[in-house]
Amino acid sequence: MTRTILNCGYVALVDSAPLIIAKELQFALEEGVELNLVRQPSWSALRDMLALGHLDAAQMLSPMPIAMTLGIGSLSAEIDALMVLSANGTAFGVSNKVAAEIGPIPFGHPHTIKRAIAARDADPLRIGLPFHHSMHRLLLSYWISTEPAVEIERIIIPPPRMADAIAEDRIDAFWVGEPWGTVAVERGIAQLLMTGRDVWQFSPEKVLAARRNWILENDADARSLTRAVYRAAQWLDAPENKPLAIEILSRSDHLDLPTELIDPGLTGQLTAVKGAAPIEIDRFLQFHRFAANFPWRSQAAWIADQLGGSKEDVNRAKSSFRSDLYRNNLEGIGVDLPTASEKVEGSLSEETGVASTKGRMILAPDAFFDGRTFDFT
Amino acid sequence: MTTALRILVVEPDENRLREIVDALTDVGWTDVRALPEISSIARTVQDYEPDIVLIDLANPDRDTLENITHASGAGKRAVALFVDQTDDALTSAALKAGVSAYVVDGLDRNRIKSVLETAIARFKVIRQIQSELDAAKRALEDRKTIDRAKGFLMRQRSLSEEEAYRLLRKTAMDQGRRVIDVAQALVTAADLLS
Chain U
1 MTRTILNCGY VALVDSAPLI IAKELQFALE EGVELNLVRQ PSWSALRDML
51 ALGHLDAAQM LSPMPIAMTL GIGSLSAEID ALMVLSANGT AFGVSNKVAA
101 EIGPIPFGHP HTIKRAIAAR DADPLRIGLP FHHSMHRLLL SYWISTEPAV
151 EIERIIIPPP RMADAIAEDR IDAFWVGEPW GTVAVERGIA QLLMTGRDVW
201 QFSPEKVLAA RRNWILENDA DARSLTRAVY RAAQWLDAPE NKPLAIEILS
251 RSDHLDLPTE LIDPGLTGQL TAVKGAAPIE IDRFLQFHRF AANFPWRSQA
301 AWIADQLGGS KEDVNRAKSS FRSDLYRNNL EGIGVDLPTA SEKVEGSLSE
351 ETGVASTKGR MILAPDAFFD GRTFDFT
Chain G
1 MTTALRILVV EPDENRLREI VDALTDVGWT DVRALPEISS IARTVQDYEP
51 DIVLIDLANP DRDTLENITH ASGAGKRAVA LFVDQTDDAL TSAALKAGVS
101 AYVVDGLDRN RIKSVLETAI ARFKVIRQIQ SELDAAKRAL EDRKTIDRAK
151 GFLMRQRSLS EEEAYRLLRK TAMDQGRRVI DVAQALVTAA DLLS
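Line by line, the protein sequences give chains U and G.
With the first letter of the first sequence counted as 1, position 216 gets the number 216 in the UniProt record's numbering; the numbers rise by one all the way through.
With the first letter of the second sequence counted as 1, position 83 gets the number 83 in the UniProt record's numbering; the numbers rise by one all the way through.
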């Protein structure tokens, strides 16, 4: 029997781990598919290749399939998220110059940081972002939209060049996924001020995406792929597996970076200022626990709403986060699933038990920094 | 081949940049600007207003370029043309999907010429279709506005549809304005008064 080879695109980041582990530890082979991981030079290139059928599936920034499905942006296509690959995992940092201007402030306080930035007597803060349709940009916009008003300029920069852009004074700050925040800190040119989860405690960061038509025509492969990546994500969240995961990720055909730069993102031990003791951040990058892989319809709705979508857009977006397929694809292997497919985003301020297929499961806090809640039912 | 197109080439490798610019100049596109450094892309796109932007598919700066061209009306003006291995199926799929992208064989100079010619010719066709679509959409909106203005006149002045249109046209002619502008003004006023 010939095994299906699935071409799967990714952008080299610490949170590409579920795909890399699914291949390297042979979870994919065990599920009957062979993963051909194709590293992409940019999110635009990855998007085009997926839409044009050169990739079967891809790791995507969670707003990308929604923007494409809604026709916002330069390429429209019906793209669905089979599952969420990771929650959280991004950080906001500023250049040493800006850090000196705003003075010492505690780590992880969005209100305080904003007041400090607003109090600066300076030009608009130039903030580097990896892509327009990214959770980074949505969280930044959400944070910035509250009082006091802060003037900013958004500049798109490939994450590996974020540190250079700071060093060359082309940006004053950045919002980026690991390892690129750590890289800037270790070069001694920037400081981290907070993480994405300080703005939204449980945001879907990357998703496993595929064309809706491809999923229809290749339902068995989509199922195998979902199961393989689910098992990889589960493996990744076990603390005892972190050292091996870091080793595998650092290898040249994946991230090609020293292990010490990958370690902070994967273990949640972030160093905010070079030389300082690392800060332990709970759920900094969550691959599996707290139903992290579940593609909540309400997460899609929140994204569509933040992208400026109408009520109709919000409903269309919901259908592109395939919680229906996720349930079907994971059936029969003892996976516990929430019974609901939507929740009121922002309503959990602490770990909370909810009804699940096995009885009861724990969800992580998902509150927003300003306490707002979003009900899209 | 016309030389009216303004072409911006984004390429960090100097040799390759020169080669591409030479190939373009050879076939008669003389309005070419080279940009080795992405950091000034925003200003360059704004000042130079290129019709087409060439960038390698493998160039990570693509996301930066995309954001800038998108913000400045991408569909109408700047376009990314990827220079990479030839793949005709991908090229035609890209065109159909509306990606402003063409895949061109990397460094073979003779090949660059011919593929660029085809690509830019196709780009023009697409732009033509796009502008026809835009025009059709505008025409449809204009018609709706004129219908609303006519309706307003018919109700307010008890005119027939034809009389209402004639009044619109006469007013426009008397004032040296277009019918649609008069209709628009009337609709705005009607909205304010209602």
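Derived by calculation from the structure, the hints in this document are not laboratory data.
Small disclaimer: the values here were computed from a predicted structure and weren't measured.
Even glycine gets a Cβ: it sits at the ideal position worked out from N, Cα and C.
Careful: at least some of the hints might be erroneous.
[Claimed, not checked] The following residues of chain G were derived to be distant from chain U, with all beta-carbon distances above 12 Å: (1) D31; (2) D63; (3) T64; (4) L140; (5) E162; (6) M173.
[As the list claims (entries may be wrong)] Label pairs and their computed distance ranges (CB to CB): (7) G:P36 x U:I362: 36 to 46 Å; (8) U:H111 x G:Q156: 28 to 38 Å; (9) G:P36 x U:E153: 17 to 27 Å; (10) U:V38 x G:V27: 39 to 49 Å; (11) G:N15 x U:H111: 46 to 56 Å; (12) U:S310 x G:I129: 44 to 54 Å; (13) G:A136 x U:E260: 51 to 61 Å; (14) U:E151 x G:A34: 29 to 39 Å.
[As the list claims (entries may be wrong)] From the structure, some residues in chain U lie toward chain G, with a derived Cβ separation under 10 Å: (15) S42; (16) P130; (17) Y142; (18) I155; (19) I157.
The hints, checked one at a time:
No beta-carbon of chain U comes within 12 Å of the beta-carbon of D31 of chain G; the shortest separation is about 24 Å. The Cβ of D63 of chain G does not lie farther than 12 Å from every Cβ of chain U; its closest approach is about 5 Å, which violates its non-interface assignment. A beta-carbon of chain U comes within 12 Å of the beta-carbon of T64 of chain G; the shortest separation is about 5 Å. Every CB of chain U is more than 12 Å from the CB of L140 of chain G (nearest about 19 Å), matching its label as outside the interface.
The beta carbon of E162 of chain G is kept farther than 12 Å from every beta carbon of chain U, the shortest such distance being approximately 38 Å. Here M173 of chain G stays apart from chain U, with its beta-carbon at least about 40 Å from theirs, past the 12 Å limit. Our hint of 36 to 46 Å for P36 of chain G and I362 of chain U is violated, since their Cβ atoms are close to 53 Å apart. At roughly 55 Å, the beta carbons of H111 of chain U and Q156 of chain G sit outside the given window of 28 to 38 Å.
Distance hint check: the CB atoms of P36 of chain G and E153 of chain U are about 23 Å apart, consistent with the given range 17 to 27 Å. Between V38 of chain U and V27 of chain G the Cβ separation comes to about 33 Å, which falls outside the hinted range of 39 to 49 Å. With their beta carbons about 52 Å apart, N15 of chain G and H111 of chain U fall inside the hinted range of 46 to 56 Å. With their beta carbons about 27 Å apart, S310 of chain U and I129 of chain G fall outside the hinted range of 44 to 54 Å.
Range check, A136 of chain G to E260 of chain U: about 59 Å between beta-carbon atoms, so the 51 to 61 Å window is met. A beta carbon spacing of about 33 Å between E151 of chain U and A34 of chain G agrees with the range 29 to 39 Å that was offered as a hint. A distance limit of 10 Å between C-beta atoms decides the matter here; for S42 of chain U the minimum to chain G is near 4 Å, and the interface restraint holds. Interface hint at P130 of chain U: satisfied, since its Cβ lies 7 Å from the closest Cβ of chain G, which is below the 10 Å cut-off.
Here the hint on Y142 of chain U is broken, as its CB sits about 19 Å from the closest CB of chain G, past 10 Å. Because the beta carbon of I155 of chain U sits about 8 Å from the nearest beta carbon in chain G, less than 10 Å, this interface hint is met. Given the 10 Å rule on beta carbons, the hint for I157 of chain U holds: about 6 Å separates it from the nearest Cβ of chain G.
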